[in-house]
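Guided by the hints, dock chain B onto chain A, whose structure is given.
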Amino acid sequence: MSELPGDLLYTSEHEWLRREDDGNVSIGITDHAQAALGDFVYVELPEVGQDVESGGDMAVVESVKAASDVYAPVDGTVVEVNDALADDPETINSDPYGEGWIVKVAPAGEIDEGALMTPDAYQELLDQEDA
Amino acid sequence: MPFIPHTEKDTEEMLEAIGAPDLDALFDEIPKNLLIESLDGVPDAMSEMAIKRLMQERAAQDGAPLCFIGAGAYEHHVPQAVWDIATRGEFYSAYTPYQAEASQGTLQTIYEYQTMITELTGLDVSNASLYDGASALAEAALMAVRANRKIKSGRILLAPGVNPTYEKVAAAIAGTQGITFERLAMDSVTGNTAAELPDDKEPVAVAIQHPSFLGTLEDVDRLTDWAHERGAYVIAIVNPTSLALLKAPGHWGEAGADIACGEGQPLGVPLSSGGPYFGFMTCKQQHVRQMPGRIIGRTTDLDGQTGFTLTLQAREQHIRRSKATSNICTNQGLMVTAATIYMSLVGFHGLRSVACRSHQNTTRLIEGLTALEGVERVFEGAYFHEVAVRLDRPVGAVLEALANRNILGGFDLQPMYPDLGNAMLVCATETKTDADIDILITALGEILAEGKGRSA
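Line order of the protein sequences matches chains A and B.
Residues in the first sequence are numbered consecutively from 31, following our numbering.
Residues in the second sequence are numbered consecutively from 1137, following our numbering.
Please note that the accuracy of each hint is not assured.
[To be verified] So, partial list: chain A residues that the calculated Cβ filter (under 8 Å) puts toward chain B:
hint: 1; residue: D52
hint: 2; residue: A96
hint: 3; residue: D99
[Stated by the list, open to error] Estimated spans, in silico, between C-beta atoms of each pair:
hint: 4; chain 1: B; residue 1: G1241; chain 2: A; residue 2: D118; range: 51 to 59 Å
hint: 5; chain 1: B; residue 1: I1455; chain 2: A; residue 2: E83; range: 53 to 61 Å
hint: 6; chain 1: A; residue 1: E43; chain 2: B; residue 2: A1156; range: 31 to 39 Å
hint: 7; chain 1: A; residue 1: D157; chain 2: B; residue 2: S1458; range: 44 to 52 Å
hint: 8; chain 1: A; residue 1: K95; chain 2: B; residue 2: F1139; range: 29 to 37 Å
hint: 9; chain 1: A; residue 1: K95; chain 2: B; residue 2: G1311; range: 52 to 60 Å
hint: 10; chain 1: A; residue 1: E83; chain 2: B; residue 2: A1308; range: 25 to 33 Å
hint: 11; chain 1: B; residue 1: E1226; chain 2: A; residue 2: K95; range: 24 to 32 Å
Hints are computed from structural coordinates only; laboratory data are not their basis.
Note that the structure is a prediction, hence the values are computed from the model and not measured.
Backbone N, C-alpha and C define an ideal beta-carbon position, used for all residues, glycine too.
Bound conformation, chain A alone:
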């Protein structure tokens, strides 16, 4: 049973986002995703200042099993990247919702919450995938 904080929004690509007080959103991958992908060995981060488009590639996480894209869940601009992951990519495994955040994005305009999932909706998706 994977951990699922109640204060986050989720995507069907197994990513989470947190609305920060400054209006930016932090983005990472879920506990389910890190468990499925296995030990991370490398994270390819975007450049700060780069524009991202909802659904487009933003970063790549590479585990011992596979290299997977991290998609932007919202339109916006990258304002910060988690450089600490360059030396310690396994932080995503140990703390996916905390120190293992990947990118902070300044959203362009209002976030379309309808396109994102509540914790309950994401839990339902996980249950379906397990079934």
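Okay, now just chain B, sitting in the frame of chain A:
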């Protein structure tokens, strides 16, 4: 006889199960206008006996000419043991060793190959090989664009001595992905990159071939530092034999080349009418994630025993599909096996002897040729084992006259470099004796004198 295990009855049952009337119905989504009704020019099937006869006759037409052509593929002595070992059953499969527990020997061979190629090029990591030198440049270009994210121009500058065929292949593969290739200007005296370098190009990478296609030796330190000052990566295209004498790409300039690639054929692979050959590629450790293909590593198993494994393959096609670092991420397993055995047998000192003797033979050849009336060097300066010479008349007819004497006298540069005039490349590797070299010099002297006599 096609090796298809299905009987007609099997096929009928399968078609019935999926509800298709016949085999053609399985392909009916292909638009009719794309189908070719008949293949004109493709002859009817022949029996095995007839085709063997035909191929033997065609092979005999090649004869055993005395070859002074290089231009990217070089005739070197291949010790008999190389292919005796490479064609043993244990090695004679180029298939990718995905199953580590059943492929330790193959994996170790590739690991040893990678070790030798990184030592030769002076860089940190090597992949398990690519198709050939030309596609290796294409892959290096794509890799440089992926890795050098600070520069978005997609423009790769090529030194004038980059093999024109490599440029064509690289443009065909990488050109559809927004990558452009532009040539730096040539200095007409040295054949190398002109002293004055452009300042407005914002190159993402600069590719330098050394020795150049025209046989000259570039000022690689200057070009490397110039590229790095502009934030561009440096792609070195090198001849592996030459690296026994010349500075390794990893030591070019202040920081060294970022990526080295080239044609591996000189390392134990016979010319065999143009292939199969193999491409090699090495890079600095920091770029390894963007390197195409796979890397074999040495590790320790649960019992503490040394073992070999596919260390880097997460960005390969079979895992990453369309997002793979390359769509051609196989390797040339058999050619690499031969190259590894070749390098092991000759060793570094042997390779150095091959390189030295090739240089000496080429020097002897050039001294003899340029002593003839109507032959001069095209460029000044140092060379490795290949030199451009200019004749006093069109090259094609002269080469034909030499071929009639069973001599492949050189590579005609006129179609590729019309500005150089009646120019051709000549190369004498360690396989040539003094007598061989004298045969070419004498024959060319006679042919040029004959022509003079007629025209006078």
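Hint check:
1. D52: violated, 26 Å
2. A96: Hint on A96 of chain A: holds, closest Cβ of chain B at ~5 Å, below 8 Å.
3. D99: With a minimum Cβ separation of about 7 Å from chain B (threshold 8 Å), the hint on D99 of chain A holds.
4. B:G1241 x A:D118: 51 to 59 Å: Taking Cβ atoms as reference, G1241 of chain B and D118 of chain A lie about 36 Å apart, which means the hint is violated.
5. B:I1455 x A:E83: 53 to 61 Å: Violated, at about 25 Å.
6. A:E43 x B:A1156: 31 to 39 Å: 37 Å Cβ-Cβ, so the 31 to 39 Å window holds.
7. A:D157 x B:S1458: 44 to 52 Å: violated, 30 Å
8. A:K95 x B:F1139: 29 to 37 Å: For K95 of chain A and F1139 of chain B the Cβ distance comes to about 35 Å; the hint holds.
9. A:K95 x B:G1311: 52 to 60 Å: violated, 33 Å
10. A:E83 x B:A1308: 25 to 33 Å: Because 30 Å falls inside the window, the suggested range holds.
11. B:E1226 x A:K95: 24 to 32 Å: For E1226 of chain B and K95 of chain A the Cβ distance comes to about 29 Å; the hint holds.
Hints 1, 4, 5, 7 and 9 from the list above are not met by this structure, while the remaining hints are.
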